[in-house]
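Asker: Given next are the chains, with one letter for each unit.
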Amino acid sequence: MPVCPTRAEGQVLDLDTAVKDGVLGGGVGFGGVFAEKLDLNKMIEELDLPDVPSVFICPISLEPMEDPVTLCTGQTYERSNILKWFSLGHFTCPTTMQELWDDSVTPNKTLHQLIHTWFSQKYLQMKKKSEDVQGSVSEILTVLKKVKGQARVQSLKDLRRIVTNHSSARKTVVEKGGVAVLLNLLGPYTSHAIGSEVVSILVNLSLDSPSRLNLKQPAKVSLVVDMLNEGSIETKINCTKLIQILTEEDDFDSDIVSSHGLLVGLMRLVKDKRHPSGNLPGLKLLKSICSHTQVRILIVSIGAVSQLVELLPGMNPECLELALFVLDAVSTVKEGKLALSSCADTIPNMVRILMRVSESCTQLALSILWSICKLSPEEYSSIAVDVGLAAKLLLVIQSGCDPLLKQRSAELLKLCSLNYTDSIFISKCKLTRTIR
Amino acid sequence: MLDTVVQNMGLLCSRHKRGNQATTEENDQAAEIERRIEQETKAEKHIQKLLLLGAGESGKSTIFKQIKLLFQTGFDERELQSYTSVIHANVYQTIKILHDGAKELGLSEAGSSKYELSVDNKEIGEKLSDIGGRLDYPRLTEELVQDILKVWRDPAIQETYARGNELQVPDCADYFMENLQRLSEANYIPTKEDVLHARVRTTGVVETQFSPVGENKKSGEVYRLYDVGGQRNERRKWIHLFDGVTAVIFCAAISEYDQTLFEDENRNRIMETKELFEWVLKQKCFEKTSFMLFLNKFDIFEKKVSKVPLNVCEWFKDYQPVSTGKQEVEHAYEFVKKKFEELYYQNVTCDHQDRVFKIYRTTALDQKLVKKTFKLVDETLRRRNLFEAGLL
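Quick mapping for you: the protein sequence lines, in order, are chains L and V.
To convert a position in the first sequence, counted from 1, into my numbering, add 1.
To convert a position in the second sequence, counted from 1, into my numbering, add 122.
Think of the hints as simulated: they come from the structure by calculation, not from any bench.
Quantities reported herein were computed from a predicted structural model and do not represent experimental measurements.
Backbone N, C-alpha and C fix where the C-beta goes; we use that ideal spot for every residue, glycine too.
Any given hint could be a false lead.
[Claimed, not checked] Just a few of them, taken from the derived set where beta-carbon distance is under 10 Å, the chain L residues facing chain V:
#1 His-193
#2 Asn-215
#3 Pro-219
#4 Ala-220
#5 Asp-256
#6 Ser-260
#7 Gly-262
My request is simple: use the sequences and hints to build the entire structure.
Answerer: And the structure:
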């Protein structure tokens, strides 16, 4: 005889299936006595599942109930929550809004049992899966130490799959010394096939200091840079992220990143219109490494300045800010100033950015304009004014942004105005009134 | 051009037919020839051309020999034996260079007797120098071996050898001197090692075709490798090979930073290599060609770095050593590598954006290393092919 499924807010708890699955204690292996040993609170927290049946959820807190109690209206709530409701002076049923004729709360033992069993089942499943994961990881690592060639590539692919799908696997790999095994596979004679798989796994793991030091060996860095230049877009992004991790150390040696190959590869990533997912990681790494003067000079020497300037109009705000940061850093060196000023699009693009995107972008664009204008004030400030710089600067000064920013804008405005008589300058500002 | 040939051949055959009432057999033959030409033209397109370039004595021919050993049937006994005369010639040449070099150094350091051979050895030395100057070398007998060893072990010669970089002492010198007894045996057949060390100045072009057999034995790539002479007078012959090249393997012997050219004793070898590399990079025909830079003779470099500072070479004058031992060797190598990388990117324009450029550390004499290195080169070229076909 078919049983009517209890319906509560969209989630159907089908009693037939529930019996079969053993939630109601009728299944194999997950009996009630067994389940009692596991602490419900702990399980709920650890599991953190999004798909808990709605009948198990307290209508007040929207959390799974650990101690469900039922009111005289037949509605069930978490004990502590409903008692709090009462203590605030309400004597109604929160969901039905009915006035309570009886203030007793009855523990809903049946529901408690159901909840406990359901969570226990899920918990044990999870434990089993994670043990499986641990076992698989150990197995793969053992195999990795022995095989070569295609078999090695396949093992690495398996490991990558597990690490990507199970976050618990990542800890396991680290605990079982997997990082050392992986690092050993990287060297001057590592093929692309193997290197790209190793990198794709390493970026998911937390690498300790000795591991990072190991990775900084010149031969390994060269390998990663080569793959950054030659790999698929996923490989390129993974390599970028890995180098990013290496740069996040305090005593970072700039020699490693002062590499033509790296910068050319990063610029290719940033410029890639067919695979825009690489633009942001590329820019992030560029920002991280441009804190070193050597790198700034290199960036200029590979012709990246004009390339970046030309990309600015098409960038989203996040990328734009990073690109501006890099250009601003580059503008602190003589070669950078020259490159920026000799690129025809720099001034117009910078002026356009002012007050258009965000305060930090405005600040950076302003800083770059400063560097250029100071180089040769008459020449560049007149170009800037011609494309509407003065009007923009006035906007900044009148806006609610950082006082320091306003001050700098005022100074730049003054610098630009030095070449003109008052009347001409005012007309260039395209305003009928000026604010001095 | 081949199309024209095929067309004309067809015309020829048909004219012949009209003229002499050709038989079906002749028609069949003509058809067969046409078919073969078509087949070969198709096959040619799949053959990837690899070019070994570099200055003289940079290791090109050694790499060439290694490829033959790795991917072909290697050297048979006849071929090995053919190297005997070359090896003996190398011995005579070496001892002559050292003997004459000792005299030269002795003159330049007047008053010092460091480069004076002992009285007994002086006469022997003159005799050997004489032999070394001939066009035909005598067979290496036991007696001659003893003579050579006496001179080789003379302190004056050892002093001269220590300054070998100022002379044109070949790299194989001490290998052959150490094995002299074996080389002179009556039934001596050179080993693979011996052949790899043997030094002949390549002239003209040598080619070999091979297929690197992969793990799954399915590779399918066919490479044709061209080896050329590296000395200046040979380079004018290079240009004829520059078309349709898949990859240039440029060999640079990094151990030569304190040596001068064979063809010009005032010119530092590394400076020559630098200029040559730049020249090759700028060639229009190599716009899309992959460049594999082999920084060769690492084994000699390793030993030299601790004794001779890198900054004796003008290009490396800003080198600062940071430590000693193995770490220093690595540091020095990275410095040289960066210099070449810098050089490459300075000579790259936007036309070369997509060009593949990789640097490999090699010791051409080590077969295992050459095999590993070539596996990487092969992988890079295969991936490049897939990329160009739009499959990557």
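Asker: Against this structure, judge whether each hint is valid.
Answerer: Hints versus structure:
At a threshold of 10 Å, the smallest CB-CB gap from His-193 (chain L) to chain V is about 6 Å, leaving the interface hint in force. Interface restraint check for Asn-215 (chain L): the shortest CB-CB distance to chain V comes to about 14 Å, outside 10 Å, so the restraint is violated. About 5 Å separates the beta-carbon of Pro-219 (chain L) from the nearest beta-carbon of chain V, less than 10 Å, and the hint is met. This hint holds: Ala-220 (chain L) has a C-beta 8 Å from the nearest C-beta of chain V, less than the 10 Å allowed.
Because the closest C-beta pair between Asp-256 (chain L) and chain V is about 8 Å apart, less than 10 Å, the hint holds. Checking Ser-260 (chain L) against chain V: minimum C-beta separation of about 7 Å stays under 10 Å; hint holds. Annotation: Gly-262 (chain L) was flagged as interfacial toward chain V, and the flag holds, the nearest CB pair being 6 Å apart, inside 10 Å.
The structure does not agree with numbered hint 2 stated previously, though it agrees with all others.
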